[in-house]
Amino acid sequence: MRYIQDCEIVAHDLVAPKHWRMRLRSEDIARAAQPGQFCMVEVVETLYPFLRRPMCFSEIHDDGFTLLYKVEGEGTQLLSQRVPGQTCSIQGPLGNGFPIAPELERHVIVSGGIGVAAFPALARALAETCGRPPEVILAARTRELLLCADLFRSLGCTVHLATDDGSAGEKAYAARMLERLGPGPGTLVYACGPMIMMSTTAAVAARAGASCLVSLEAQMACGDGACLGCVVESKVEHEGEKMVRVCVDGPVFDAALIDWEAHNTAYDL
Amino acid sequence: MKNPVTVASGTFGYGEEFDRYFDVSLLGAVTTKSISLKPRAGNKPPRLVETPAGLLNAIGLQNVGIDRFLSQKAPYLRTRNATIIANIYGHSPEEYAELARRLEAEGAADAIEANLSCPNVHDARTAKGAVLVSQSCEAITVYTQAIRDATRLPLYIKLTPNVMNIQEPALAAEAAGADGVCLINTLLGMAINPETRKPRLANIVGGLSGPAIRPVAVKMVWDAARVLRIPIIGTGGISGAASAIEFLLAGATAVSVGSMSFRRPDTALRVVEGIAEYLKRHQIADVNQLIGAMQA
Ligand SMILES: Cc1cc2nc3c(=O)[nH]c(=O)nc-3n(C[C@H](O)[C@H](O)[C@H](O)COP(=O)(O)OP(=O)(O)OC[C@H]3O[C@@H](n4cnc5c(N)ncnc54)[C@H](O)[C@@H]3O)c2cc1C
Ligand SMILES: Cc1cc2nc3c(=O)[nH]c(=O)nc-3n(C[C@H](O)[C@H](O)[C@H](O)COP(=O)(O)O)c2cc1C
Ligand code: FES
Numbered sequence: 001m002r003y004i005q006d007c008e009i010v011a012h013d014l015v016a017p018k019h020w021r022m023r024l025r026s027e028d029i030a031r032a033a034q035p036g037q038f039c040m041v042e043v044v045e046t047l048y049p050f051l052r053r054p055m056c057f058s059e060i061h062d063d064g065f066t067l068l069y070k071v072e073g074e075g076t077q078l079l080s081q082r083v084p085g086q087t088c089s090i091q092g093p094l095g096n097g098f099p100i101a102p103e104l105e106r107h108v109i110v111s112g113g114i115g116v117a118a119f120p121a122l123a124r125a126l127a128e129t130c131g132r133p134p135e136v137i138l139a140a141r142t143r144e145l146l147l148c149a150d151l152f153r154s155l156g157c158t159v160h161l162a163t164d165d166g167s168a169g170e171k172a173y174a175a176r177m178l179e180r181l182g183p184g185p186g187t188l189v190y191a192c193g194p195m196i197m198m199s200t201t202a203a204v205a206a207r208a209g210a211s212c213l214v215s216l217e218a219q220m221a222c223g224d225g226a227c228l229g230c231v232v233e234s235k236v237e238h239e240g241e242k243m244v245r246v247c248v249d250g251p252v253f254d255a256a257l258i259d260w261e262a263h264n265t266a267y268d269l
Numbered sequence: 001m002k003n004p005v006t007v008a009s010g011t012f013g014y015g016e017e018f019d020r021y022f023d024v025s026l027l028g029a030v031t032t033k034s035i036s037l038k039p040r041a042g043n044k045p046p047r048l049v050e051t052p053a054g055l056l057n058a059i060g061l062q063n064v065g066i067d068r069f070l071s072q073k074a075p076y077l078r079t080r081n082a083t084i085i086a087n088i089y090g091h092s093p094e095e096y097a098e099l100a101r102r103l104e105a106e107g108a109a110d111a112i113e114a115n116l117s118c119p120n121v122h123d124a125r126t127a128k129g130a131v132l133v134s135q136s137c138e139a140i141t142v143y144t145q146a147i148r149d150a151t152r153l154p155l156y157i158k159l160t161p162n163v164m165n166i167q168e169p170a171l172a173a174e175a176a177g178a179d180g181v182c183l184i185n186t187l188l189g190m191a192i193n194p195e196t197r198k199p200r201l202a203n204i205v206g207g208l209s210g211p212a213i214r215p216v217a218v219k220m221v222w223d224a225a226r227v228l229r230i231p232i233i234g235t236g237g238i239s240g241a242a243s244a245i246e247f248l249l250a251g252a253t254a255v256s257v258g259s260m261s262f263r264r265p266d267t268a269l270r271v272v273e274g275i276a277e278y279l280k281r282h283q284i285a286d287v288n289q290l291i292g293a294m295q296a
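These protein sequences, in sequence, are chains A and B.
According to the working numbering, the first sequence is numbered sequentially starting from 1.
According to the working numbering, the second sequence is numbered sequentially starting from 1.
Hints listed in this document are in silico derivations from the structure and should not be mistaken for laboratory results.
All figures in this text were calculated on a predicted structure; none of them were measured in a lab.
Incorrect hints may appear among the rest.
What follows is a list of derived Cβ distance ranges for each label pair [to be verified]: (1) B:D110 - A:E261: 42 to 52 angstroms; (2) B:Q283 - A:V15: 54 to 64 angstroms; (3) B:D110 - A:Y3: 26 to 36 angstroms; (4) A:V236 - B:M190: 26 to 36 angstroms; (5) B:A202 - A:V15: 30 to 40 angstroms; (6) B:M190 - A:S154: 48 to 58 angstroms; (7) B:E94 - A:E237: 27 to 37 angstroms; (8) A:T158 - B:A202: 36 to 46 angstroms.
Cross-link-like lysine-lysine pairs, in silico, PhoX-like; alpha carbons within 20 angstroms at most [unchecked claim]: (9) B:K44 - A:K242; (10) A:K171 - A:K242; (11) B:K2 - B:K280; (12) B:K44 - B:K198; (13) A:K235 - B:K280; (14) A:K242 - B:K38.
Covered stretches of chain B, going by a simulated chain A footprint (3 or more residues, C-beta under 8 angstroms) [as the list claims (entries may be wrong)]: (15) 6–15; (16) 34–45; (17) 52–61; (18) 254–266.
C-beta atoms are modelled at their ideal positions from N, C-alpha and C, and glycine is treated no differently.
Please take these sequences and the hints and turn them into a complete structure.
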C-alpha cells in the first residue's frame, strides 16, 4: 500500500550541525514501511521548490517514523524550518527495502556520513531476527557527524567508528575498515554513503567473496517509476532494460549489478 | 472523453505507475509515454534538474517499444477501463505510420498523439536545419499526412513551443488532416553548475516544464485557438483546476496535467473534481461553454 498523507510533525531536533531528526505521525505509513524504503517529502506547500525530496525511513515506530537528514540546499533548508504541530505531506512507502536474511552468518553495515539515515531501522530488524546483531562501521568526516552510535549500541551492535580527520575512532576510510573486519562468503554487507565510499566498499566485499547491497541516490521527480529520471546503468539487463530506476528497482541494489564507473561519472551529486 | 482532463505524455508512465493512488478510468484519458517501434534506452543520467517552479528533463524517450506496449501496457490499461491516448515517436513518417497502424489494428488506443516535438533526441532525418520535426511546417505536413493515411483513429499532433509563431505549425497540422493539436511540449533550456562548470544534464540541454512555463503555454494556446478550427489539448504547468480552466478560457478544448503529477500523482483527478466544482459555483451547465471564453 502507498499513501499520500499529511503527517503531523511530532518532534524536530537539530542533532548535529546542519543535521536534523524529524519524527512524523502516520500509523498507515509506519505499518507499510520496510527498512531501506523511502518516502517523498513535500518541503513546502507552495510550488517552489517544485519537487518532493526523497528521504529514507530512518526509524519505523508503531505510530509513525523518523527521518534523519542533512541540510544540503534550499529544499532541506526549508524543511528544517518546520516545527512540531505542523503537518508535512509524505508520499510512501516507496522502493524496495533491504531483504532480511537471517540465515546468513554475518551482517555488516557500512555507513558513510548522512548515509547512516538508512540504517537504524535495518539494524533493529536484523537484531530482532538474526542470531547476532549486525556489526556497524560508522564513518563520517568528523566526530560530531558520527550519528546514531548509541542507538546502534543499544540494539547490541558492535560499532566501529572512523573519521576522515581522526577526531574520533580510527582515521580511516570505511572500505578499509571493512577489509580489516575480514568479511567472507557468509557475510552480507549493507552500504550507504557517498558514491565513492559505496563503490570502494563494494569492491572490498567482492574481493572477499561477500555479498554487498547498496542504497543508491539519484535525482528523482516522481519516486514511482513514471518519469524515468532516476536511472542508473546496470551491468545486466533487468526486465529487458539496461537502465534501472533507483526509485522502483532500488534504491537497494546488489552492488554487483551496478556499473560503478558509469555511475561515478554521472552522479557526483 | 468523459471529461476534458488527461495526463501529459511522459509524466504518467504507462498509467500503471500511478494507478495505485486513484482510479485512472475517472480521467478523460490516460496519455502514455512516447512509444517507438524499438525499445529505447534513453539518455545517460543525470536526466533531471530541478529549476525554479519546474524542472528540466532530458530523458531521451526511454520506452518499452511497441511490442511490449501492445502485449503488456495497453492490456493492463484496458483492465483498468482507461481511455488510451497513445503517444508515438518515430524516426521517419513511415515509422509513425507503422506505429499508428499497429495501435489501431490491436485496439490498443482510442486516439493517437504524435510527438513531433521531443527536444531530447537527435535524429538526422529532420527537415532543413530544423532540430525538431515540428519546427518545420513542411515536415509537419509530410509526417501528419503519413499518419493520417495510416489510421482512422483521432489524431493529435503534439507541437513544440520552440518556434517563432505557433500559428504556422498548428495550421500546417490542421491542413494535413490532424483532428487536433497538443500544445505545448517542453521549452528548450539548460542549467550549469557554477562550482564544477559542468552542465547539470548529461545531455547538456533539456526540456523545461512545470508551473514555470504555464504563462507561455497559455499564450500559445490562445494564439493557436484564434486561427484553428480543430481542438487543442492545452498543456504546460497545470497544477490544479484553476490553471486548467485558464487553458480552457484561452481556447483549449481539453487539458493535460504534466509535471504536477510528480508532485502529487492524483493532481489530474483533483482537476476533474475542481472543474466540476467550478462549473457548479458559476452555474455553468456545460464545460464547453468555457472554451475560449476569456473576456478581454
Ligand atoms: C532514495 C533516497 C533516499 C534519501 N534519503 C536521505 C536521507 O534519509 N537523509 C538525507 O539527508 N538525504 C537523503 N537523500 C538525499 C536527499 O534527497 C537530498 O539531500 C535532498 O533532496 C537535497 O535537497 P535540497 O533541496 O536541500 O538540495 P538541492 O541541492 O538544492 O536540491 C536540488 C535538487 O537536487 C536534488 N538532490 C540534491 N541532492 C540529492 C541527492 N543526494 N539525492 C537525490 N536528489 C538530490 C533535490 O531533490 C532537488 O530536486 C536521499 C536520496 C534518495 C534518492
Ligand atoms: C520527465 C518528462 C518526460 C516527458 N516525456 C515526454 C514524451 O515521452 N513525449 C511527449 O510527447 N512529451 C513528453 N514530455 C512533455 C510533457 O508531455 C508536457 O508536454 C510538458 O512537460 C509540459 O507540461 P507540464 O509543464 O505540465 O509538465 C515529458 C515531460 C517531462 C517532464
Ligand atoms: S523518480 Fe521518477 S522514475 Fe524514478
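Verification of the hints:
Between B:D110 and A:E261 the CB atoms are about 45 angstroms apart, so this pair conforms to the stated range of 42 to 52 angstroms. Distance hint check for B:Q283 and A:V15: the Cβ-Cβ separation is about 55 angstroms, which falls inside the suggested range of 54 to 64 angstroms. A hinted range of 26 to 36 angstroms for the beta carbons of B:D110 and A:Y3 is consistent with their spacing of about 31 angstroms. As the Cβ distance of A:V236 to B:M190 is approximately 33 angstroms, the hint placing it in 26 to 36 angstroms holds.
Against the hinted window of 30 to 40 angstroms, the Cβ-Cβ separation of B:A202 and A:V15 comes to about 35 angstroms, which satisfies the hint. The supplied range of 48 to 58 angstroms is met by B:M190 and A:S154, whose beta-carbon atoms lie about 49 angstroms from each other. Restraint check, B:E94 to A:E237: a C-beta distance of roughly 29 angstroms satisfies the suggested window 27 to 37 angstroms. Range check, A:T158 to B:A202: about 41 angstroms between beta-carbon atoms, so the 36 to 46 angstroms window is met.
Between B:K44 and A:K242 the CA atoms are separated by roughly 11 angstroms; this keeps the pair inside 20 angstroms, and the hint holds. Taking the CA atoms of A:K171 and A:K242, the gap is near 38 angstroms; set against the 20 angstroms cutoff, the hint is violated. For the given pair, B:K2 sits about 17 angstroms from B:K280 by alpha-carbon distance, which is consistent with the 20 angstroms threshold. About 15 angstroms separates the Cα atoms of B:K44 and B:K198, which keeps this hinted pair within 20 angstroms; it holds.
Of the pairs offered as hints, the one joining A:K235 and B:K280 is violated, with about 55 angstroms between alpha carbons and a cut-off of 20 angstroms exceeded. For a cut-off of 20 angstroms, the pair hint linking A:K242 to B:K38 stands: about 14 angstroms separates their Cα positions. Counting residues of the region 6–15 of chain B whose CB falls under 8 angstroms from any CB of chain A gives 4; the rule of at least 3 is met. Counting residues of the region 34–45 of chain B whose CB falls under 8 angstroms from any CB of chain A gives 5; the rule of at least 3 is met.
Interface restraint, the region 52–61 of chain B with chain A: holds (6 residues with C-beta to C-beta distance below 8 angstroms; minimum three). Check result for the region 254–266 of chain B against chain A: holds, 7 residues qualifying (beta carbon to beta carbon below 8 angstroms, three or more required).
Going through the hint list in order, the structure does not satisfy hints 10, 13.
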